[in-house]
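When you get a sec, could you build the whole thing from the sequences and use the hints?
4 protein chains.
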Amino acid sequence: MKKLNVGIFGAGRIGQIHAMNLVTNPNIVIKRIVDPFADKLKDFEKQIGIKLETDPDLIFNDDEIDAVLICTPTDTHVDYIVKSAEKGKHIFCEKPVSLSDEESMRAYKAVKKAGVKFQIGVNRRYDRNFAYAKKLIDEGKVGDLELVRVDSRDPEAPSLDYVKSSGGLFMDMTIHDFDMARFLTGQEVVEVYTQATVRCNKEIEGIDVDTAIINLKFEDGTIGVILNSRRAAYGYDQRVEAFGSKGTTMVENDLEANVILADKDGYHIPNPEFFFLQRYTGAYNAEINDFADAVFNDRETSVTIEDAIMAQRIAIAAKESLDSGKPAKVRMID
Amino acid sequence: MKKLNVGIFGAGRIGQIHAMNLVTNPNIVIKRIVDPFADKLKDFEKQIGIKLETDPDLIFNDDEIDAVLICTPTDTHVDYIVKSAEKGKHIFCEKPVSLSDEESMRAYKAVKKAGVKFQIGVNRRYDRNFAYAKKLIDEGKVGDLELVRVDSRDPEAPSLDYVKSSGGLFMDMTIHDFDMARFLTGQEVVEVYTQATVRCNKEIEGIDVDTAIINLKFEDGTIGVILNSRRAAYGYDQRVEAFGSKGTTMVENDLEANVILADKDGYHIPNPEFFFLQRYTGAYNAEINDFADAVFNDRETSVTIEDAIMAQRIAIAAKESLDSGKPAKVRMID
Amino acid sequence: MKKLNVGIFGAGRIGQIHAMNLVTNPNIVIKRIVDPFADKLKDFEKQIGIKLETDPDLIFNDDEIDAVLICTPTDTHVDYIVKSAEKGKHIFCEKPVSLSDEESMRAYKAVKKAGVKFQIGVNRRYDRNFAYAKKLIDEGKVGDLELVRVDSRDPEAPSLDYVKSSGGLFMDMTIHDFDMARFLTGQEVVEVYTQATVRCNKEIEGIDVDTAIINLKFEDGTIGVILNSRRAAYGYDQRVEAFGSKGTTMVENDLEANVILADKDGYHIPNPEFFFLQRYTGAYNAEINDFADAVFNDRETSVTIEDAIMAQRIAIAAKESLDSGKPAKVRMID
Amino acid sequence: MKKLNVGIFGAGRIGQIHAMNLVTNPNIVIKRIVDPFADKLKDFEKQIGIKLETDPDLIFNDDEIDAVLICTPTDTHVDYIVKSAEKGKHIFCEKPVSLSDEESMRAYKAVKKAGVKFQIGVNRRYDRNFAYAKKLIDEGKVGDLELVRVDSRDPEAPSLDYVKSSGGLFMDMTIHDFDMARFLTGQEVVEVYTQATVRCNKEIEGIDVDTAIINLKFEDGTIGVILNSRRAAYGYDQRVEAFGSKGTTMVENDLEANVILADKDGYHIPNPEFFFLQRYTGAYNAEINDFADAVFNDRETSVTIEDAIMAQRIAIAAKESLDSGKPAKVRMID
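Residue numbers (UniProt numbering), protein chains in the order written: chain A, 1 to 334; chain B, 1 to 334; chain C, 1 to 334; chain D, 1 to 334.
Be aware that one or more of the hints could be misleading.
The list treats identical chains as interchangeable, and a pair is accepted whether it falls inside one copy or across any two copies.
Stated by the list, open to error - Keeping only pairs whose Cα atoms sit at most 20 Å apart, straight-line, the calculated SDA-like set for lysine to any residue is:
{"id": "1", "residue 1": "K31", "residue 2": "T74"}
{"id": "2", "residue 1": "K202", "residue 2": "S166"}
{"id": "3", "residue 1": "K202", "residue 2": "S159"}
{"id": "4", "residue 1": "K264", "residue 2": "L277"}
{"id": "5", "residue 1": "K113", "residue 2": "K329"}
{"id": "6", "residue 1": "K46", "residue 2": "N25"}
{"id": "7", "residue 1": "K109", "residue 2": "T185"}
{"id": "8", "residue 1": "K3", "residue 2": "G49"}
In case anyone wonders, no lab produced these hints; they're calculated from the structure. Note that this is a predicted model, so its numbers are computed, not measured.
Structure follows, in structure tokens:
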């Protein structure tokens, strides 16, 4: 039976994760991995058992490669997407598509024109907890949605350098939460209102914010809110509540262990899984194998380029609201 | 040793609770209870063992009465406060003081002029859970506050009639949450932004809202949010989170029983205590005995008339923001 | 309407609790309280508003007294029960009836002969959590019972003096758990096997044990186990699991507050309610008012003298098993 | 760098799991897999990318193979162990070594004589939760151990056929719990007492039991208890409590998702992970890679043949106690 040939652009942390997760997929052959720093990745090369290469054209021009994973720096995404689409390759791309709506729309058009499959890397949709909550909502267990809350907080504030090139809190971090809000409700966000301050790292004052509450209004009048912080002392905090006419569903954190220690000072439970690599181990695996499956079985991807574009546009509106001090509308794709 | 003589205006549900909670206080004598419907309250009369009377002047003019509890309908509060203050009696008054800031300020001035003690009935501050969270915050366990969240949802939407005379969601229900936000942070709320809709009872469309998210900005830049619904299918939902530089503290619901049933469909845990009378049984007891203690030991009350006024002013601003679609400033007491 | 007149023997800690819990019962008048140390109980006298007396005959000979509460030291219980029964008074007696089966049977016969109502003070049956579990079991939610577990641990090991006069771990402490096992299953325990050691207070070596596992076999073959310790560093530990063909039900501890603190070291939750006075506040109230209700409405008491006798007999068998190192049968009432 | 060559006997469910878990270990080459039903395992062959063979001698006689995994039926274990040991191959063997102590000792002697490394497949020691509890105990967080409890229940009662060839409840199922008790305490079990009945599947009456409580006495006088059922309606129940002088530690079940649904009927949480393949996914991975690491780095294995022998001997004593109705001593290795 024919297998699917995959090429991977970028063998950094996330590229390696996707590669290892595809190794045991019986329908997949990882044909090529390219990375400009291939010579620094000998350990990974040994583990994956594939010789790393440095020239991306080796993938673009390899007609046997059916699909690509784009795991390179953000500013290269659009070019890689456009070129891959032109070559008729299906595309999995890490988020965000780009930091600019114009650029992202260029990718959007290329993908649409080529008719290739496209999946954006919003791993959280594949987390078993969020997926379970989505299922409860879809089954009508919480009734009509009325209030949605996303708590999303990183364990440690990023460096000033990271912040400068990140595209800002909303594009870099909250974008996952905007996607989660769209995913859980199955609706577009039409308006946002932002409150935000600098509390975690005073160095970024005037450059970005790190503590934020972003209000969301959905198509049908459902309202929601996202609470962000770049630094939660107790670790990576990823919770959601979706409240409706029949009840509510609450996604709690996965902890390092389901063990309680009780002593004279109380009951003590371990912290949440440290960060996204730990918390979303299973989600990363499910995500990339779902993409492989979509390509292999020629079906639609579960997360589309429209999803990518819309999460970015909410991020843009969130920034507008912060700047104006007033609610801002979110622009729809025509 | 001298005991404290107390007079109670109003022997409805809440008046009865306060009366029964004072019965076992060894420093208190309930001297008089007046209620215009005394003849309908024979059961209570039998239980409390005190003959109910109907004329409020019996309390106002009884020089042996040191303190009064005002448990009558809201529109009588200010007159009762003013008259009690003029008679030199210490005052415990159910919330709100009134539905109008002007009226409330009239009560405020009377209390200040007479120099009597005044406590407003915001029972939640006395709930052991919220009190515990406040203690953690005051001890610095969560560090500097950065994000505050209050989830406050009633189990059943009120009738149209109730809504019409309630003063509206913010004055009737959220006022408790505004007080909670001030209590936990120890700060004034300086600005609010409101999103609100009608989801629970369509009859009230155009009259009031029943589903709301209210953003709060505090003096020092801390931001917060309140999530309200008039109808939580799973019962009375009263949670809080206060997040800061060192961690977070989360007040969870008290449940009807700490018992788990595990069967083929999962783990099942009882609903939260049904409503405020159940959830806040202990808080009502602590509240009224704390007032009695403040009067008995001639110390300041724990919740003042300023607290009453400020919670109302946040409610007024929340309504302004809803009407304007923009953030609204909260007016301070000069 | 006629009220019920009650006399109380013993105004120590538990006698005071029962008295205060009856104060607000509209059907009850506490007519007399006797205690040999009445002159040391002025604070309580002031609070309850009843003049304490010292001669028990004032109660025995008061024909208006319908029911008595026996809250005196254990070694007086039987005499008080017999005399009260002879005087036709209904009886609530703190556990245990006595430390000897012969003595307890003397009380049993007196009660049966007089036909008075009798309730033994096993407050835990009235705890809302255990009552909730019992209800789940009775409703068939866990199916046929198969395994039962009772965790029961005190927060602090008692003094050597207390241990010497306590009747031993099984009669003093586990007796509550034996009653719980009978209550939850609705069955007699027919055989026990005991493992026990001294771990908490080495002084008691050779006199008593303080750490024990007691296996139970019930009439229908259901098996169970009790895990006891006299000293749980984290506080009063009172849990139960009843496992059956359809699932399991688990009673968890009530904590000092339902509040979580999350910080760099994990999630922290307050300890269980400190000891029985805190954990069983509500249970004590429900218990004594249920007894009052049984007498007032002339119905059977919920916990009978048979219950008292059988819990003691299991305690006796547990001690036998410990001494012999083999399982021991429990003697039934003929 | 030299890699470790591994041969696998048996490509059934557990053999496949170990194989897939070794695929991504960069130090390991799976050189041969033999299974008599190789022709029925084409799917697995495709996934693992290794041609399955049928003759075990291909492994025994392959001098390049450093270590073997024995994943064949229990009655073949000892022969495979002895032969592998004689060939100087390090051994990972699924539990139990055999159903007879004499046979197991034959394997024990062969391993000792050959000086090869040996690891028994008690995966639970590698579960992150049990490992976390062990760490807490070793760090002294619960003080000196006093009471230990293991709850271990399967989701579904096995068939009569399975039961007949299983070696009985204690050898088949409780053996894991005996190992857990030894693992957590770091002590030998010196005496056991068994209560057991048939409650899950009446067909097995007279052949085996399916509901059991087994008491344990440890070397230093610590006491413990195991609660077993072959059928927990709510799923695979794997909990532990280790109680000591400073507190207690409780391992809770891992659930299918950390998500709460609250509705009018209460709070609902998903069931535990269905069975051992789900619950112990991570443990299986850690276990086999730990064995690979022990061989690769020439260090002792974490779970030895002594561990295997002792768990079996406790199982033997548990059966003796059940038959005699009295406590039974556990025989130590001389």
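*asked:* Reference check for the pair K3 and G49, CA-CA at most 20 Å: within, between, both, or neither?
replied: both (18 Å within a copy, 13 Å between copies)
*Between K202 and S166, at a C-alpha cutoff of 20 Å, which is it: within one copy, between copies, both, or neither?*
For K202 and S166, the Cα distance is within 20 Å only inside one copy (17 Å; across copies 44 Å).
*K109 and T185: within-copy, between-copy, both or neither at 20 Å Cα*: neither (26 Å within a copy, 50 Å between copies)
*With identical chains treated as interchangeable, where does the CA-CA distance between K113 and K329 reach 20 Å or less: within a copy, between copies, both, or neither?*
Close neither inside one copy (28 Å) nor across copies (50 Å); limit 20 Å.
*Quick one: K46 to N25, C-alpha cut-off 20 Å, is that within a copy, between copies, both, or neither?*
Answer is both; intra-copy 19 Å and inter-copy 10 Å each pass.
_Alpha-carbon proximity between K202 and S159, which holds within one copy, between copies, both or neither at 20 Å_ = within (11 Å within a copy, 49 Å between copies)
*What label fits K31 with T74 when the C-alpha limit is 20 Å: within, between, both, or neither?*
Answer is neither; intra-copy 23 Å and inter-copy 41 Å both fail.
*Intra/inter-copy verdict for K264 and L277 if alpha-carbon distance must be at most 20 Å*: between (34 Å within a copy, 19 Å between copies)
Hints 1, 5, 7 from the list above are not met by this structure, while the remaining hints are.
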